[in-house]
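> Sequence:
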Amino acid sequence: MAEEKRKKVLELPMKIVFNETGISFFLKGNKKLTKFKTVDEVDQYGIYFDTFSPASVQKMLLVNYVAVLETSRPEYMTKRQDVIDLSKLITYGMLYRKFDEIIFGKLLDSAVVRSWNLAHSDSPIDRNTPVGEAQLAASLEVNKPFVTAIKQGIIASIVKSVQLNDTLLPEEKNLQIFLADKFLTTLRPFVWSVFVKFRENKELSSFLAEVESTLKDFMVKSKISDFLSMMSIELAIMAENTNLQNFAKVRYKGTLEPVLINQDTEMRKMIVEEMRLRNQNVFLSWRVGGESSKTQIGRERLQIKIFSKDSATLENKKPALKPGEEAKTPETIKRSLVDFYKDASGEGAGNNAELGLYYFSYLTEECSKVGVEFDGTITQLRDSTLNVITLTLLF
1 MAEEKRKKVL ELPMKIVFNE TGISFFLKGN KKLTKFKTVD EVDQYGIYFD TFSPASVQKM
61 LLVNYVAVLE TSRPEYMTKR QDVIDLSKLI TYGMLYRKFD EIIFGKLLDS AVVRSWNLAH
121 SDSPIDRNTP VGEAQLAASL EVNKPFVTAI KQGIIASIVK SVQLNDTLLP EEKNLQIFLA
181 DKFLTTLRPF VWSVFVKFRE NKELSSFLAE VESTLKDFMV KSKISDFLSM MSIELAIMAE
241 NTNLQNFAKV RYKGTLEPVL INQDTEMRKM IVEEMRLRNQ NVFLSWRVGG ESSKTQIGRE
301 RLQIKIFSKD SATLENKKPA LKPGEEAKTP ETIKRSLVDF YKDASGEGAG NNAELGLYYF
361 SYLTEECSKV GVEFDGTITQ LRDSTLNVIT LTLLF
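Under the numbering used here, the sequence shown has 305 at position 305, and the numbering climbs by one with no breaks.
There may be inaccurate statements among the hints.
EDC-like mimics (lysine to aspartate or glutamate), calculated; alpha carbons at most 16 angstroms apart, straight line [what the hints assert, rightly or not]:
no., residue 1, residue 2
1, 151, 226
2, 106, 172
3, 98, 373
4, 35, 20
5, 88, 210
6, 8, 85
7, 151, 166
8, 88, 212
9, 216, 100
Pairwise CB distance ranges, derived in the manner of DEER restraints [what the hints assert, rightly or not]:
no., residue 1, residue 2, range
10, 36, 265, 32 to 40 angstroms
11, 206, 128, 23 to 31 angstroms
12, 189, 9, 33 to 41 angstroms
13, 375, 80, 20 to 28 angstroms
14, 63, 156, 25 to 33 angstroms
15, 188, 265, 33 to 41 angstroms
16, 339, 29, 22 to 30 angstroms
17, 78, 101, 34 to 42 angstroms
18, 277, 127, 21 to 29 angstroms
What the hints contain is simulated information worked out from the structure, not anything from laboratory work. C-beta: ideal position from N, C-alpha, C; glycine also.
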């Protein structure tokens with residue numbers, strides 16, 4: 001099976017905020033949690049890392065322990081690939097978890113399980129079925145050859161299709177095969193135990209065909225991850241450049257031409273270090289799962305937020321008040337990301353804005369094709385210099 005090429009450690013400062021399930025799990029295990037404030041000045045409980053293992057974070061996402069992941073730095077240009085990898089990891093984690101929930105629900109409603117429940121009303125298979133994890137793991141280990149055969153049977157047509165696709169590079173083919181296997185590997189063990197239990201049942205094969213069909217749908221949805229991660233880092237770098245220029249204006253009182261910062265590597269390093277010492281950071285926040293994100297039955301929301309300070313970008317975009325009209329306090333100024341990109345392009349952001357607009361257009365189109373709602377906005381409170389760019393996906 002193809003292996004995924006990724007870093008074993010990501011070098012980004014990371015606050016991981018746990019939801020109630022995560023907090024309960026760690027407290028029961030006598031693990032000490034850290035209390036800290038997130039960028040929106042809310043007290044939260046979780047853990048903090050200077051560097052972290054992507055595999056460990058994804059495991060916490062899959063078991064639904066995480067509510068928010070937040071990182072902050074004055075610049076992201078030198079950590080571009082780490083941010084891209086982190087964004088992909090989180091998006092894939094959401095897709096893996098959603099796939100698992102759908103397959104689990106379909107299984108409980110399948111003909112094979114319904115037949116069993118009708119004949120065994122005293123021991124039905126449902127969401128309340130008691131599961132002994134150690135016994136379950138031991139059973140699956142004994143039946144490992146069968147589990148492997150089931151996996152290979154489900155992804156066989158996907159693998160064949162990928163291998164025959166001449167538009168894909170060898171590395172891209174390996175990644176597609178890896179993802180197909182990963183979706184199945186992250187299914188909860190209870191699902192595989194039911195497959196083992198009914199391996200001689202003729203009705204199981206029809207259900208496995210349904211699993212294959214759902215997997216193909218999610219393989220298409222997974223394409224969203226690439227463009228979402230690229231869009232996230234481009235927005236972060238745009239915010240970084242604006243922060244650098246604004247900081248230079250104030251720090252050097254007009255004696256330093258802000259637009260020259262990116263042209264002088266040593267000057268840029270010096271200013272970034274000054275910003276680091278003064279905590280002048282751009283914040284990236286991923287908000288996942290949890291009850292507050294379930295805006296529609298059976299759907300979950302993923303939000304990526306980029307927080308940065310900019311005294312000019314939105315201030316000049318505030319709508320003029322009519323004579324005699326009083327401003328609401330506080331007033332939220334909200335614009336679409338499309339308008340933001342168009343204005344940024346006209347104000348000198350150049351290629352970054354054009355690339356961002358391309359990513360936004362592509363994401364909107366692709367999300368629409370696969371039934372994922374996508375939107376992007378930028379907001380600011382009147383008399384505040386804090387801009388918040390929000391990318392929202394509803395799976």
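> Does the structure break any of the earlier hints, and which numbers would those be?
Checked against the structure, the hints that fail are numbers 1, 2, 5, 7, 8, 12, 15, 16, 18, while the rest are satisfied.
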